[in-house]
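Using the sequences and the accompanying hints, generate a full structural model.
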Amino acid sequence: MEKTTTRMIVAKIKDYAPALGLFVFYLVCIQLRQAGYVKNYWLQVLMFALINGMVTLGLYLINGITGQFSIGQAGFISVGAYSSGAVTTLLFNFPPLSVYVKPFVFLLSIAVGGIVAGICGYLIGRPSLRLKGDYLAIVTLAFGEILRAIIRCIPQVGGPRGFTGIPRYSTLGWIVVFFGLTVWLMRNYIHSSFGRACVSIREDELASETMGVDTTRYKVQAFVLGAMIAGVAGALLAHVLGFLHPDQFNYIRSTDFLVYLYAGGAGTMSGAIVGASLLTILPEALRFLAGWRLVIYGIVLVLMMLYRPTGICGGKEFPFLIPHVERDALSENGWETP
Amino acid sequence: MEQLIQLSVYGVQLGVIYALIALGYTMVYGIINLINFAHGDFVMIGSFTAFFAVNLTGVGFFPAIITAMLFPAILSILIERLAYRPLRNKPRLSALITAIGVSIFLENFPRMVPFIGPNFRRFPELIPMRHFYLWGQASINTIQVTNIVASSVLLVLLIFLVQYTKMGRAMRAVAYNKDAAALMGIDVNRVISFTFFIGAALAGAGGVLYSLTYPMIDVLMGVWLGTKAFIAAVFGGIGSIPGAVLGGLLMGIIEVFATAVYSELGYGSSFVVLILVLLFRPSGLLGKAPLDKV
Numbered sequence: 014m015e016k017t018t019t020r021m022i023v024a025k026i027k028d029y030a031p032a033l034g035l036f037v038f039y040l041v042c043i044q045l046r047q048a049g050y051v052k053n054y055w056l057q058v059l060m061f062a063l064i065n066g067m068v069t070l071g072l073y074l075i076n077g078i079t080g081q082f083s084i085g086q087a088g089f090i091s092v093g094a095y096s097s098g099a100v101t102t103l104l105f106n107f108p109p110l111s112v113y114v115k116p117f118v119f120l121l122s123i124a125v126g127g128i129v130a131g132i133c134g135y136l137i138g139r140p141s142l143r144l145k146g147d148y149l150a151i152v153t154l155a156f157g158e159i160l161r162a163i164i165r166c167i168p169q170v171g172g173p174r175g176f177t178g179i180p181r182y183s184t185l186g187w188i189v190v191f192f193g194l195t196v197w198l199m200r201n202y203i204h205s206s207f208g209r210a211c212v213s214i215r216e217d218e219l220a221s222e223t224m225g226v227d228t229t230r231y232k233v234q235a236f237v238l239g240a241m242i243a244g245v246a247g248a249l250l251a252h253v254l255g256f257l258h259p260d261q262f263n264y265i266r267s268t269d270f271l272v273y274l275y276a277g278g279a280g281t282m283s284g285a286i287v288g289a290s291l292l293t294i295l296p297e298a299l300r301f302l303a304g305w306r307l308v309i310y311g312i313v314l315v316l317m318m319l320y321r322p323t324g325i326c327g328g329k330e331f332p333f334l335i336p337h338v339e340r341d342a343l344s345e346n347g348w349e350t351p
Numbered sequence: 588m589e590q591l592i593q594l595s596v597y598g599v600q601l602g603v604i605y606a607l608i609a610l611g612y613t614m615v616y617g618i619i620n621l622i623n624f625a626h627g628d629f630v631m632i633g634s635f636t637a638f639f640a641v642n643l644t645g646v647g648f649f650p651a652i653i654t655a656m657l658f659p660a661i662l663s664i665l666i667e668r669l670a671y672r673p674l675r676n677k678p679r680l681s682a683l684i685t686a687i688g689v690s691i692f693l694e695n696f697p698r699m700v701p702f703i704g705p706n707f708r709r710f711p712e713l714i715p716m717r718h719f720y721l722w723g724q725a726s727i728n729t730i731q732v733t734n735i736v737a738s739s740v741l742l743v744l745l746i747f748l749v750q751y752t753k754m755g756r757a758m759r760a761v762a763y764n765k766d767a768a769a770l771m772g773i774d775v776n777r778v779i780s781f782t783f784f785i786g787a788a789l790a791g792a793g794g795v796l797y798s799l800t801y802p803m804i805d806v807l808m809g810v811w812l813g814t815k816a817f818i819a820a821v822f823g824g825i826g827s828i829p830g831a832v833l834g835g836l837l838m839g840i841i842e843v844f845a846t847a848v849y850s851e852l853g854y855g856s857s858f859v860v861l862i863l864v865l866l867f868r869p870s871g872l873l874g875k876a877p878l879d880k881v
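Here the protein sequences come in this chain order: A and B. Numbering follows this note's numbering, in which position 175 of the first sequence is assigned residue number 188; successive positions increment by one, without gaps. Numbering follows this note's numbering, in which position 281 of the second sequence is assigned residue number 868; successive positions increment by one, without gaps.
Everything labelled a hint here was simulated from the structure, so no lab data went into it. Note that the coordinates shown come from a computational prediction; the quantities given were computed from them, not determined experimentally. It is possible that some hints are incorrect.
Covered by chain B, according to a simulated footprint, are these stretches of chain A (three or more residues, beta-carbon under 8 Å) [said to hold, decoys possible]:
| no. | segment |
| --- | --- |
| 1 | 134-145 |
| 2 | 148-159 |
| 3 | 267-274 |
| 4 | 306-316 |
Under the rule of at most 25 Å between Cα atoms (straight-line distance), these lysine-lysine pairs were calculated in the DSS-like manner [unchecked claim]:
| no. | chain 1 | residue 1 | chain 2 | residue 2 |
| --- | --- | --- | --- | --- |
| 5 | B | LYS677 | A | LYS145 |
| 6 | B | LYS765 | A | LYS145 |
| 7 | B | LYS677 | B | LYS753 |
| 8 | B | LYS753 | A | LYS145 |
| 9 | A | LYS329 | A | LYS25 |
| 10 | B | LYS765 | B | LYS875 |
| 11 | A | LYS115 | A | LYS329 |
| 12 | B | LYS677 | A | LYS329 |
| 13 | B | LYS753 | B | LYS765 |
Chain B residues, not near chain A, derived (Cβ > 10 Å throughout) [claimed, not checked]:
| no. | residue |
| --- | --- |
| 14 | LEU643 |
| 15 | ALA670 |
| 16 | LYS753 |
| 17 | ILE840 |
Glycine included, every Cβ here is placed at the ideal spot set by N, Cα and C.
Dropping the structure here:
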């Protein structure tokens, strides 16, 4: 009895430790900035790193877990960014907006961004997920580019000139909160029966269908969830930048997220997070080299894949990203716990 | 009618260039299942090679296009050896990420080299411009004729190479089954290098032909030209050589007609058509459907 209670308490602490860790991280960042050690510029780089981390986590669900190859994430980001920007800029643009109302408008716009991106994800995923491998990749790429072409034709959001004047509501705090929520959601999804169905589809689609897994349903579900996360990330991004341009979201931007995912290690959530944050910060850290930084970035990518083809994390997961129930089960059965 | 003929001429002229570039994508994909993201950059390298060949030595069209085919071809063999070969038996996506890395390198290295730089350059006029009237006001000019003739010659050469030579037979064998081909005594590495060589040479030629028509070149021209060609390859059925040609031609024609209708449509239209084609024929117009293995 005694032992079980201690274990439960330890488990509870372990459950909340990551959230606490994220909160402490946020406090440290804010304190460092107020003390003048960290410039606003680096804080913004950090915000981009977290936003990219969110998108990469969504892609991890589609690509790493379900094994569906999508090069259209930038399209979903653009939809999320533009629709949420439209909510805050076009719908609620009357000037005397109270300070107390602003957060609600912001939250509403984020929800709109996520939902619109999710709907686009459904419209794209439903017909095209029966394509396999590279063909699916091309269709998602094409859809991303079509979304961009449509945005270029809407004069209300600036068309080809870009969407200006979006209020800069996103702060590090908001982004940390949504990043934490994404990690929490993804961890729980992946370790639920939904996640296991997705893994079975990745391993062998035909076999899992034979075992009674509704493969279409899970593939579409994962795709829509990944798209929604990208949409929320886009909504946050729009309110960091204050300015959007359709060319920011071309397919080359989508390949960036693939690079983050595979450079970090496609098999784990840790890989997605580490890859996105390292590779967002690396080109910024190399900025003193001016244009040479991208040359070096290219070389680093090639070398990394040559010497570590499984990615930086190489199949290892941070322990807090595995639910304690699962870790306990593993250790009780005599498995080595990560 | 006049306008229709005129647009078709433009469409075919653009289409043959897409087809040339698409061939490189399709051949590399057919042989090692790799989407070579760096392929578009060989187009740019070809253009710049011709640009420097002409401006430094003052040679004419033929020496320029031959240099522009050889230099990217040799470069692509080097890249294949250094970056793609070590990953051949690793997960397919690591090779894809490597290709993205190579592409980032190939775009940014010339940008930073002082004598190339990020600015647009004016491509020299290699072919004297003359117009021939076809039907009323619809005309075809010497550059369009050069494009169509040069691409057709290269295409015939390629088909001859693939169908009737020993190397071509080896390429088809490796594309069909790499391991079995190796057991039959084919040097798979050499065949793959050769495929990269041919693909990049065609891309180089495509770059020169494109720059003749639209004579402003810069280091990023390969990015979207490559994307279009890649889509053309998928459109026709990736891995199939006739498919790449058909896809390229259709892409060029559709794009020109859509742009003529409304200028913002040009870019998106090819993607819409691509999706429609893939939804009804999931492996492209001339591609073979993959078998599900149980």
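Results for each hint:
Beta-carbon proximity to chain B at under 8 Å applies to 5 residues in the segment 134-145 of chain A; the threshold of 3 is reached and the given coverage holds. Given a C-beta distance limit of less than 8 Å, the hint that chain B covers the segment 148-159 of chain A holds, as 8 residues qualify and 3 suffice. Look at the segment 267-274 of chain A against chain B: 3 of its residues bring a Cβ nearer than 8 Å to a Cβ of that chain, three or more, so the hint holds. With a cut-off of 8 Å between beta carbons, the segment 306-316 of chain A has 8 residues touching chain B; three or more are needed, and the interface restraint holds.
Restraint check: the Cα-Cα separation between B:LYS677 and A:LYS145 comes to about 20 Å, which is no more than 25 Å; the hinted pair holds. Between the alpha carbons of B:LYS765 and A:LYS145 the distance comes to roughly 22 Å, so the proposed pair stays at or under 25 Å and holds. The suggested pairing of B:LYS677 with B:LYS753 is violated, with an alpha-carbon distance near 29 Å, which exceeds 25 Å. Simply put, B:LYS753 and A:LYS145 have alpha-carbon atoms about 33 Å apart, too far for the 25 Å limit, and the pair is violated.
Taking the CA atoms of A:LYS329 and A:LYS25, the gap is near 23 Å; set against the 25 Å cutoff, the hint holds. A threshold of 25 Å between alpha carbons decides the hint, and for B:LYS765 with B:LYS875 the separation of about 18 Å falls inside it, so the pair holds. Simply put, A:LYS115 and A:LYS329 have alpha-carbon atoms about 41 Å apart, too far for the 25 Å limit, and the pair is violated. The suggested pairing of B:LYS677 with A:LYS329 holds, with an alpha-carbon distance near 18 Å, which does not exceed 25 Å.
Restraint check for B:LYS753 and B:LYS765: satisfied, since their Cα atoms lie roughly 16 Å apart, inside the 25 Å limit. Even its closest Cβ contact with chain A, about 24 Å, leaves B:LEU643 beyond 10 Å, as expected for a residue assigned away from the interface. B:ALA670, annotated as away from the interface, has a beta carbon of chain A within 10 Å; the closest lies near 5 Å. Consistency note on B:LYS753: stated as away from chain A, and its beta-carbon is indeed over 10 Å from all of that chain's, at 30 Å minimum.
For B:ILE840, the condition that its CB be more than 10 Å from all CB atoms of chain A holds, with the nearest at approximately 18 Å.
Consistency with the previously given hints fails for numbers 7, 8, 11 and 15, ordered from lowest to highest.
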